[in-house]
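*Asks:* Chain residues, written in single-letter form:
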Amino acid sequence: DAGVIQSPRHEVTEMGQEVTLRCKPISGHDYLFWYRQTMMRGLELLIYFNNNVPIDDSGMPEDRFSAKMPNASFSTLKIQPSEPRDSAVYFCASSFRAFNSPLHFGNGTRLTVT
Amino acid sequence: AQTVTQSQPEMSVQEAETVTLSCTYDTSESDYYLFWYKQPPSRQMILVIRQEAYKQQNATENRFSVNFQKAAKSFSLKISDSQLGDAAMYFCACSSNTGKLIFGQGTTLQVKP
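Order-wise, the sequence lines are chains A and B.
According to the working numbering, the first sequence holds residues 1 to 114 in order.
According to the working numbering, the second sequence holds residues 115 to 227 in order.
Bear in mind the hints are in silico, worked out from the structure with no lab data behind them.
Worth double-checking, as some hints may not be accurate.
Coverage of chain B stretches by chain A, computed from C-beta distances (three or more under 8 Å per stretch; other residues unrestricted) [stated by the list, open to error]: (1) 159-171; (2) 181-187; (3) 217-227.
Glycine is no exception: its CB is placed at the ideal position from the N, C-alpha and C atoms.
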């Protein structure tokens, strides 16, 4: 089991550019989460999916953010256009029956928008 | 709506001593789970311990134990015999029966040799 795989590990981009973060969950897991971590706000839940369907996207900060899960083994988080305040570490996590199961986190993507 | 509050941004403990990290939460659900996660400088998120809300007995994992006070909605983490490798940021989290998992702000723990 390779764990949750996120790419890229680091991303540096200029303001206004489109950014796409990728995640491959653990095989067999039916929940997938996207979190954003900053010093000021801690770990914020952006959106989560169950069986590839978005369940709650109330944490997505603006329309500039979008997330998709086209199949059980892949998800993307896209920011278009990016802004300096989007700079953060973005984590993807997956679990099997999330309610009582621990999340398995990827190593995160550190995004820097200049 | 669920909320999780960690009121201690930073804590420190002497190696081999005991430290307690505080966490309070709020949820309208009757059935939920509580978790503590550890994040060392490597950025990796590691599960430390979890507690089922309907179980009165406090969870224990080796040197880590919790004090779960359901009526007070309190879920503190006790680390006994602290080791240098325990230095990390610790997050408290609460899950709902829809699968939503909300984290607190985190507490940075420093372990002094």
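*Asks:* Does each hint fit the structure? Answer for all of them.
*Replies:* Cross-check of the supplied hints:
{"no.": "1", "hint": "159-171", "result": "holds (count 4)"}
{"no.": "2", "hint": "181-187", "result": "violated (count 0)"}
{"no.": "3", "hint": "217-227", "result": "holds (count 4)"}
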